[in-house]
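There are 2 protein chains.
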Amino acid sequence: MMIKVHAALFAPNAARVLACLHEKDLDYEFVPIDLRAREQKKEPFISINPFGEVPALEDGDLKLFESRAINQYIAYAYADKGTQLVFDDPRKMAIVSVGLEIEAHQYDPPAARLTKELYVKPLLGVATDDAIVKEQEAQLGKVLDVYESRLVQSKYLCGPTFTLADLHHLPTLDHLMKTRVKAVFDARPHVSAWCADILARPAWLKVVAMRNKN
Amino acid sequence: MMIKVHAALFAPNAARVLACLHEKDLDYEFVPIDLRAREQKKEPFISINPFGEVPALEDGDLKLFESRAINQYIAYAYADKGTQLVFDDPRKMAIVSVGLEIEAHQYDPPAARLTKELYVKPLLGVATDDAIVKEQEAQLGKVLDVYESRLVQSKYLCGPTFTLADLHHLPTLDHLMKTRVKAVFDARPHVSAWCADILARPAWLKVVAMRNKN
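Sequences listed follow chains A and B, in order. Under the working numbering, the first residue of the first sequence is numbered 119, with each subsequent residue one higher. Under the working numbering, the first residue of the second sequence is numbered 119, with each subsequent residue one higher.
Please note that the accuracy of each hint is not assured.
Pairs involving identical chains hold if they fit within one copy or between any two copies, as the list cannot separate such chains.
[Stated by the list, open to error] Heads up, simulated EDC-like pairs for lysine to aspartate or glutamate below, C-alpha to C-alpha not over 20 Å straight-line: (1) Lys159 <-> Asp263; (2) Lys181 <-> Asp206; (3) Lys159 <-> Glu176; (4) Lys210 <-> Asp198; (5) Lys181 <-> Glu161; (6) Lys239 <-> Glu255; (7) Lys260 <-> Glu157; (8) Lys181 <-> Glu266; (9) Lys181 <-> Asp145; (10) Lys181 <-> Asp207; (11) Lys159 <-> Glu266; (12) Lys300 <-> Asp247; (13) Lys160 <-> Asp263.
Please keep in mind that the hints were generated in silico from the structure rather than gathered at the bench. Quick caveat: nothing in here was measured; it's all calculated off a predicted structure.
Given only the sequences and the hints, what does the whole structure look like? Please build it.
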């Protein structure tokens, strides 16, 4: 049975899962969830995710939600397909786990708030809060300082190869590169090169193409 | 070489790692970090964690931070010791991964804010913000409604056995059970029984005893 992804194309958390499926060269059925109609808060969706948030994934009788958990599953369950995104060796994987947690707890909070202020609000015709932007840009800058010092030492965040930790940054990174926050990335040469590299991956370009078709 | 944990005993993120080490029956050296002296923002600590937050762990030449990443490492690297907290089977592990993400992204935000308002602030002689408490209690209640429906079906959050997903709740759970928020847990009988069960685990009681000695 084919993998099913229940999601909205424009949700960063959904794009994170699609990026992973394309890196792993997996076929899947995309089941659109209309967020404006609040389908994510109604049956049948909330039977898969009682928290009412996209995306959700079905693989046979396995029903999963939370984008980062879905991606860990895909990366391990389909280890032999497409790009290797995780490692079996616990010491090598530990470095990736730290990178995954940094993305979730250090990078994502400012990146998600900046995406909301500078990308989502203008789309909805709502005014951006410049005080929040200034505060969150400073916060993001501190995180990117750490990334810069890591990326001086290795091409990707967790070593010489692209891993799930790099991949998890793509959705907000893609949005932010179209805003004034691009300057915060560009001010750090290794971060800037890393952004250009991972945003140009064929798997990610396929996700962008899906969004642009809609 | 023995595992070294750099931490402050009262930090919930540190207690999360100690709980895991005790579940795995591992010996370790505890290296105290004085948060009031802001040692976590200075060398030698920031050479391990450039984000300047406890805990950090050293296992030989491996240096890790972010409590949830440290625990995943411990659980996988020492799979043959103590309590089994993770699974090799990707489909079984996927359920635990979802539980881990729910803890980090749904449970922890309100639990951490309530811990700050009702446990940390009174210790520091600072007034609690009752509006925040009310709002976060409501948020926590929604999460615990989902937990209640899961715990009707299985003794622990991710199935019949205690896993890393249950363990990650312990530090804030322990603090909140000493506050008025206990009523939010007690109002849900299966959640209440789960709390009593996991808080009574010998490994957790050892962490509590370490704190009480200080």
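Q. Which of the listed hints are not met by the structure?
A. Checked against the structure, no hint fails, so every one of them is satisfied.
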